[in-house]
Structures are given as structure tokens and as C-alpha cells.
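Q: So you can see what is in the structure, the chains are spelled out below.
Protein chains: 2
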Amino acid sequence: MALSEKIQEKIRKVEPYVPGEQPQRKVIKLNTNENPYPPAKGVEETLRKMEPDRLRLYPDPTANALVSELAERYGLRKDQVFVGVGSDDVLSMCFLTFFNSDLPILFPDITYSFYKVWAGLYRIPYECQPLDEEFHIRMEDYEKENGGIIFPNPNAPTSVGESLTMIEEILKKNQDSVVIIDEAYIDFADNTESAAALLERYENLLVVQTFSKSRAMAGMRIGFAMGNPELIRRLNDAKYSFNSYTMNLPSILCGVEAVKDQAYFEKRVNQIKETRAWAAEEFEKLGFTYPGLEANFLFVTHPEYQACEIFAQLKEHDIYVRYFPEGKLKDYLRITIGTREEMEALFDTLKKIMSKEN
Amino acid sequence: MALSEKIQEKIRKVEPYVPGEQPQRKVIKLNTNENPYPPAKGVEETLRKMEPDRLRLYPDPTANALVSELAERYGLRKDQVFVGVGSDDVLSMCFLTFFNSDLPILFPDITYSFYKVWAGLYRIPYECQPLDEEFHIRMEDYEKENGGIIFPNPNAPTSVGESLTMIEEILKKNQDSVVIIDEAYIDFADNTESAAALLERYENLLVVQTFSKSRAMAGMRIGFAMGNPELIRRLNDAKYSFNSYTMNLPSILCGVEAVKDQAYFEKRVNQIKETRAWAAEEFEKLGFTYPGLEANFLFVTHPEYQACEIFAQLKEHDIYVRYFPEGKLKDYLRITIGTREEMEALFDTLKKIMSKEN
Numbered sequence: 001m002a003l004s005e006k007i008q009e010k011i012r013k014v015e016p017y018v019p020g021e022q023p024q025r026k027v028i029k030l031n032t033n034e035n036p037y038p039p040a041k042g043v044e045e046t047l048r049k050m051e052p053d054r055l056r057l058y059p060d061p062t063a064n065a066l067v068s069e070l071a072e073r074y075g076l077r078k079d080q081v082f083v084g085v086g087s088d089d090v091l092s093m094c095f096l097t098f099f100n101s102d103l104p105i106l107f108p109d110i111t112y113s114f115y116k117v118w119a120g121l122y123r124i125p126y127e128c129q130p131l132d133e134e135f136h137i138r139m140e141d142y143e144k145e146n147g148g149i150i151f152p153n154p155n156a157p158t159s160v161g162e163s164l165t166m167i168e169e170i171l172k173k174n175q176d177s178v179v180i181i182d183e184a185y186i187d188f189a190d191n192t193e194s195a196a197a198l199l200e201r202y203e204n205l206l207v208v209q210t211f212s213k214s215r216a217m218a219g220m221r222i223g224f225a226m227g228n229p230e231l232i233r234r235l236n237d238a239k240y241s242f243n244s245y246t247m248n249l250p251s252i253l254c255g256v257e258a259v260k261d262q263a264y265f266e267k268r269v270n271q272i273k274e275t276r277a278w279a280a281e282e283f284e285k286l287g288f289t290y291p292g293l294e295a296n297f298l299f300v301t302h303p304e305y306q307a308c309e310i311f312a313q314l315k316e317h318d319i320y321v322r323y324f325p326e327g328k329l330k331d332y333l334r335i336t337i338g339t340r341e342e343m344e345a346l347f348d349t350l351k352k353i354m355s356k357e358n
Numbered sequence: 001m002a003l004s005e006k007i008q009e010k011i012r013k014v015e016p017y018v019p020g021e022q023p024q025r026k027v028i029k030l031n032t033n034e035n036p037y038p039p040a041k042g043v044e045e046t047l048r049k050m051e052p053d054r055l056r057l058y059p060d061p062t063a064n065a066l067v068s069e070l071a072e073r074y075g076l077r078k079d080q081v082f083v084g085v086g087s088d089d090v091l092s093m094c095f096l097t098f099f100n101s102d103l104p105i106l107f108p109d110i111t112y113s114f115y116k117v118w119a120g121l122y123r124i125p126y127e128c129q130p131l132d133e134e135f136h137i138r139m140e141d142y143e144k145e146n147g148g149i150i151f152p153n154p155n156a157p158t159s160v161g162e163s164l165t166m167i168e169e170i171l172k173k174n175q176d177s178v179v180i181i182d183e184a185y186i187d188f189a190d191n192t193e194s195a196a197a198l199l200e201r202y203e204n205l206l207v208v209q210t211f212s213k214s215r216a217m218a219g220m221r222i223g224f225a226m227g228n229p230e231l232i233r234r235l236n237d238a239k240y241s242f243n244s245y246t247m248n249l250p251s252i253l254c255g256v257e258a259v260k261d262q263a264y265f266e267k268r269v270n271q272i273k274e275t276r277a278w279a280a281e282e283f284e285k286l287g288f289t290y291p292g293l294e295a296n297f298l299f300v301t302h303p304e305y306q307a308c309e310i311f312a313q314l315k316e317h318d319i320y321v322r323y324f325p326e327g328k329l330k331d332y333l334r335i336t337i338g339t340r341e342e343m344e345a346l347f348d349t350l351k352k353i354m355s356k357e358n
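Those sequence lines, one after another, are chains A and B. Under the UniProt record's numbering, think of the first position of the first sequence as 1, with each following residue one higher. Under the UniProt record's numbering, think of the first position of the second sequence as 1, with each following residue one higher.
Please note: incorrect hints may appear among the correct ones.
The list cannot tell twin chains apart, which means a pair is met if one copy fits it or any two copies do.
Calculated pairs, DSSO-like style, for lysine-lysine (alpha carbon to alpha carbon, straight line, at most 27 Å) [unchecked claim]:
| id | residue 1 | residue 2 |
| --- | --- | --- |
| 1 | K315 | K352 |
| 2 | K116 | K172 |
| 3 | K49 | K260 |
| 4 | K6 | K144 |
| 5 | K78 | K41 |
| 6 | K49 | K267 |
| 7 | K356 | K29 |
| 8 | K173 | K144 |
| 9 | K352 | K273 |
| 10 | K260 | K273 |
| 11 | K13 | K173 |
| 12 | K116 | K13 |
| 13 | K144 | K29 |
| 14 | K78 | K6 |
| 15 | K273 | K26 |
| 16 | K273 | K351 |
| 17 | K26 | K49 |
| 18 | K29 | K49 |
| 19 | K13 | K78 |
| 20 | K172 | K6 |
| 21 | K26 | K351 |
| 22 | K144 | K13 |
| 23 | K315 | K351 |
| 24 | K330 | K352 |
| 25 | K13 | K172 |
FYI, nobody ran anything at the bench for these hints, they're computed from the structure.
Construct all of the structure, not just a fragment, from the sequences and the given hints.
A: Here it is, written out as C-alpha cells:
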């Protein structure tokens, strides 16, 4: 059946999208920045002991248990924390709540690809600001009048971090806008500080983080925002008014456990950082360069080898990395830091590919 | 800290909302139409045996396992089923996808309260159509030009069902609009048929159902839509373009189990229907009347007692039912069908309240 033309006219036009590859056979998966280690032990225990009878009831719409645990972990009050179904849900809710202006919102030209999508969805005007040659933000680009500001720090897919000093400058110069720092990768940063340190001083600041990377819970869909109580209240007002029950019971209960086990969290993050340091050296030995080293992935380029060819050949060897065929990015590969063993397999294969091509 | 005025201007205005009461002490909870019985046994087993390591990976964005199971259950093909995070998520996505017209969408004046909210959110014009004196839809109201049609069947909060014949008439007369039948309560209906029976004949039909009531999974957040492959494709296009990963791993895996166990499902639904039949008689004995008997709740009114007073007094006795203080609804109480024991406690208390007042 084909739909009638008049029905077609009433249907929203969107960019068709094909979900990322989910290969059925066993591959080395370094393409979506997942954590190579399982979540904290308490998560498993929570699943094992969860009372199924509780599932018949609606979940706590305030997700109080998880909000409390996060507040304690980050030294905040409960009214400074908002949780959602992955940071995509949190960020989308932020766009909807805070970017209601005729002035354009500002974000970098190379950044998380969903910012443009949500701006389109909520009819928010936006202006992309070009990064400099080293993939850094140019502060002067964020000094013009605007409807809001958002950027990831460290940035994706570059792994480049911006200084807290610069973020503070941007906050000071934009006291009439909400400034959102999207810190999906902050826990892996060595030289980039979380803007959460500035929360007490800037009422216009919102910091968004996720459980999908450093807490190894991409499959559970948990994200959160930290900000001043008034911003958090507005986020909750918006959320409750459109959909009261979004986060399910397993997410709330398992999320608590992932936050509680700080020792495990630090151990795994440090393991990934160690593997990253080693992998960075290995890339250098092979002649690759990268603009930053602040996330659980590397964004690498090679003067002699084409990124898309390496991408294709790695895939032939069942090693999946990420390639962006657009503009400046097309010379780079984004490669997630896996386990040491996975990275060794990557380098073995890279060496084979590169010796064959020469 | 108070936000600057210019920031306030940029913040979306929404109706402030206070989440429903979540009493900490043990009460008889007949206020949110939850199932009084636990979900299928397979749900518990799935939680027990879930591999926590899988949580580190993003969930399958297509939720293929759950879509397949639902398709099989309802005799459809996989490309005729869409799943989301509760039927609120599914319905919101339907509004966003199918109601992009300058013509108003049509729905009853007494209906699910979120329809107006989503219309407002997505700036969709709408016109409410009054129900008749018996809380039935008047078919002629749905014969005017429109941007789309949606209504629950059975309707909430009335428990009144509409005939398949009437729905078919509406579908025939609105071939240029998507018509959404919101069947949250259909599994409890004795005299109302699911519009799913019409899917093969009407390309403009979308049927939405939920796991929150008949499948006892409100805490897991699962809803689904059934429709022709072209409508389902458009829903998926919209969803993927804004947020690829919405349904978490426990929802997908446990959802499958809830659908698989048809014997358990039927047993529990029948138990609730039996309790409902008995409860309806008890209400009648006490002088209450109700317009319909098609859902897992009753919508009752009494000629001599004020609904809001009964509501308040039941609450004093730790029995929570639902009261809507607006317009025509203010003379009614919506009371979920709990276990036989819970309903007996309700009637004992009602009798006390009513004898005291007389």
C-alpha cells in the first residue's frame, strides 16, 4: 500500500537515517565509544534481586534514588540534578526548555551531530562556529548575541578539551543565555576539568554527563544534568508536562549502584587511560597524529594513508572503527579505546594493512 | 539565585505539574490503573539471567527481538510494528510524525489529558469534540476536514468503548488523515474489539497499545504501535533522526517474555475482569452508576454523595482513587480494579463512609 498524497503531506519530513551496523558475528567493536569493561558489580546484584512485582507499578517519576546518589557523588543538592533516558534525552529536553528565542544558538561546526537535529526539531535557529586549525573553540565566536550556547568538552569526535578558564570567560560574557557543557567524555580527561566546579558561581551553567561511557551502561540509557535549582526545576517542569514516566525501574536502581561503586569506576577509567596512553604511542610509531587525548577514543590521521581506505580494510578484518565522510573529518578515523588485547589486535592489523599498501 | 530576566524569556513556558502522590506507607493504590498482579514469570527469569556485560553496549536501536515477538503475537509482519518507551513515548512520536498540517486534529473533549499537551508541544492545531450524554463519540464530529484523528478506545477515564463499525466508518471517511486508536485498555474489554482487525484494509489506521496495564509492566515503560509498513517506517525515521537509542536492554528482553506467556496473560486479565464484574455489582448495590465497563477501572458516580468527598474520605482510610476536579468529570471517581481483597477493603470503607454521612 502506498499512502495517499494528502496523508504524505501531513507527515513530518526528516533526514532518513540508517541505524549503525550491529554485526551478528563476533567483531572488535571500536566504533561507538562503548566501555570495554562491564558495569559495577552492584548492577548485576541489583538485576538479580529486583522484585518483579515492583514492575507492575509506575516508576518514581522523580527518580529520587538516582538523583540523590548523584547529588551526593558530585557534592550537590538534590534540586541541582536532573536525570533522563540517556544524555540524548537530557540534551533534547535542554534544547526544548532553554533555547526558546529568536536569536540563534551557537555551537561548533565540528561537534555532536544531534545538536542540529534537535534545533531543527524544535525550530530553534542556530549558527555553527568554525573550530580553529587545531580543532579548538575560538572564544571570540561566542561573544555575539545568542539564544544559548552548547558544546561538548572534551569535544567529539576530536578528543580535544577546552580549559576551564575559557569556559568561565564564556559564562561571564553570556549571562543572559544558558550555556550547556556536554561532558559525555569528561571522566577520561587528564587535562580538561569538569565545569561542575563552576556551578556555584554561574547560574547560567548546565553540565550534562552520561552513564554510557565511563560507567559502562550504554545499554541502560541514563544521562544527567547538573545546574542551579531554578534551571533544574524548569527542566523537570518541561519533562513532567510532556511525559511523566520516562526512566524505568531497572535504570533507576542499577544507576544507583553504578554511582555508588567509586573504586570500581576509578579502576576501570584508569585502565582505559593507560591503554589510551600506550595506544597513542603506537599510533605515533606508525606515523599517525591526533589533535587531542582527552576521551575514550582517539581521532587519528595519517599523512600517507587515506582514512576511508584504512576504515574499509579494518572492517574486512572484523575491526569496526568510525569514519565520517564529511568535510574536514574525512581524513580522520575515530577509534574507541578497547581492552589492551583489542588494541593489540588493531595494531597488528594496521601494520599488515600499511605494509601491504607500501 | 534567581535567573536573569533575559534567561527567563528564553525558557519554555509550560503548565507546572506536580507528580502524582507516591505515598511512602502501605496504601491500597487504585489511582493509576496499574495491574494488581506481577508480570509473567519469564520477566523475573530474564532479570536473573541477564548478562551485565551486555549493558556496556548500546541496545539494539530497532528492538528487533521485541518487535518480532509482538508481530508474531498479533499476526503481523515485523515492518508493521513500532515500539517505544511507554505508550506516552509512542503517542508523542505519532503526533510529531503524522500531525504536520495546518488543519486541526480532532479528539474528544473528555479523553487522555496528554493529547492537548503534545499538540501544544509540537504546535499542532486541535479541536476537541464533545462526547454525548452517555460519554460516547458522535460520529458526525469526525466528518469534517482535519489534520488527523485520535481517541482512546475504550476511552479514559470513562471505561466506555466504541464499536468497530463506527471506527471503520471514521476510517473510511478520513482516508486523507492518519487515524490513531489508542487502545491502552483494550485487553480488558468484553464488548469492544481492537481496531487491529482493520489494519489490512485501512492504510490510514494506527493502533497503539501498552504493556503498562494488561501486561503489568508500568515500571518498565513499553508501548507499541501497529500500522501499515509505510506509517511504521515514517515513525522509525522520525525516532531514529532525533534519538537512536531509546529503549534499554531490560525493556527489550523482559518485554519479549511478557508477550510470550499468553496463558499467564489471559489468566490475569480474566481475574481482573471477574473482579470487575463483582465490583460493578457491589457499586450498583450502593447506588453508584457507571457509563462503561470496558477497562481495568470503573468510572462511578452517585446521585447523593459528592465524588470529591468520597475521594477525600477514602484517602483518610489509605485508599487512593482518582478524582478529576474539572467540568463534567467532577461528579465521578475513577477507581482501578485491584485484587479481590483490595476491592473488598474498598467496599467495606465505602459502606462506613456512606452510613456515617447519612
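Q: Against each hint, give a clear statement of whether it holds in the structure.
A: Against the structure, the hints come out as follows:
When the C-alpha separation of K315 and K352 is checked against a cutoff of 27 Å, the pair qualifies only within one copy, where the shortest distance is 13 Å, while the shortest distance between copies is 73 Å. In this assembly of identical chains, the alpha carbons of K116 and K172 lie at most 27 Å apart only when taken from the same copy (25 Å versus 39 Å across copies). In this assembly of identical chains, the alpha carbons of K49 and K260 lie at most 27 Å apart whether taken from the same copy (17 Å) or from different copies (23 Å). Taking CA atoms no more than 27 Å apart as the test, K6 paired with K144 passes between copies only; the shortest distance there is 15 Å, against 43 Å inside one copy.
In this assembly of identical chains, K78 and K41 lie within 27 Å of each other by CA distance solely inside one copy; the values are 25 Å within and 36 Å between copies. Taking CA atoms no more than 27 Å apart as the test, K49 paired with K267 passes in both settings, with 25 Å inside one copy and 26 Å between copies. For the homomeric pair K356 and K29, the shortest alpha-carbon distance inside one copy (23 Å) is at most 27 Å, but the shortest distance between copies (70 Å) is not. In the homo-oligomer, the alpha carbons of K173 and K144 lie at most 27 Å apart inside one protomer (9 Å), although the nearest pairing across protomers, at 53 Å, exceeds that limit.
For the identical chains of this complex, K352 and K273 are intra-copy neighbours only, at 26 Å inside a copy versus 68 Å across copies, given an alpha-carbon limit of 27 Å. Proximity of K260 to K273 under the C-alpha cut-off of 27 Å is restricted to the intra-copy arrangement: shortest distance 21 Å within a copy versus 44 Å between copies. Only between protomers do K13 and K173 lie at most 27 Å apart by alpha-carbon distance; the minimum there is 25 Å, versus 37 Å within a single protomer. Both within a single protomer and between protomers do K116 and K13 lie at most 27 Å apart by alpha-carbon distance, with minima of 15 Å and 22 Å respectively.
For the identical chains of this complex, K144 and K29 are neighbours neither inside a copy (41 Å) nor across copies (54 Å), given an alpha-carbon limit of 27 Å. Taking the shortest alpha-carbon separations for K78 and K6, only the inter-copy value of 26 Å comes in at or below 27 Å, while the best intra-copy value is 49 Å. Taking the closest pair of Cα atoms, K273 and K26 come within 27 Å of each other only inside a single copy of the chain (25 Å); across copies the shortest separation is 48 Å, beyond that limit. Taking the closest pair of Cα atoms, K273 and K351 come within 27 Å of each other only inside a single copy of the chain (23 Å); across copies the shortest separation is 68 Å, beyond that limit.
Taking identical chains as interchangeable, the C-alpha atoms of K26 and K49 lie at most 27 Å apart only when they sit on different chains, with a minimum of 21 Å there against 30 Å within one chain. In this assembly of identical chains, K29 and K49 lie within 27 Å of each other by CA distance solely across copies; the values are 24 Å between and 31 Å within a copy. Only between protomers do K13 and K78 lie at most 27 Å apart by alpha-carbon distance; the minimum there is 23 Å, versus 39 Å within a single protomer. With identical chains, the CA atoms of K172 and K6 are at most 27 Å apart between copies only, with a shortest distance of 14 Å across copies and 50 Å within one.
In this assembly of identical chains, the alpha carbons of K26 and K351 lie at most 27 Å apart only when taken from the same copy (22 Å versus 65 Å across copies). Taking the closest pair of Cα atoms, K144 and K13 come within 27 Å of each other only across two copies (25 Å); inside a single copy the shortest separation is 32 Å, beyond that limit. In this homomeric assembly, K315 and K351 come within 27 Å of each other (Cα to Cα) only inside a single copy, at 14 Å, whereas the closest approach across copies is 72 Å. Taking CA atoms no more than 27 Å apart as the test, K330 paired with K352 passes inside one copy only; the shortest distance there is 22 Å, against 76 Å between copies.
Taking the shortest alpha-carbon separations for K13 and K172, only the inter-copy value of 25 Å comes in at or below 27 Å, while the best intra-copy value is 39 Å.
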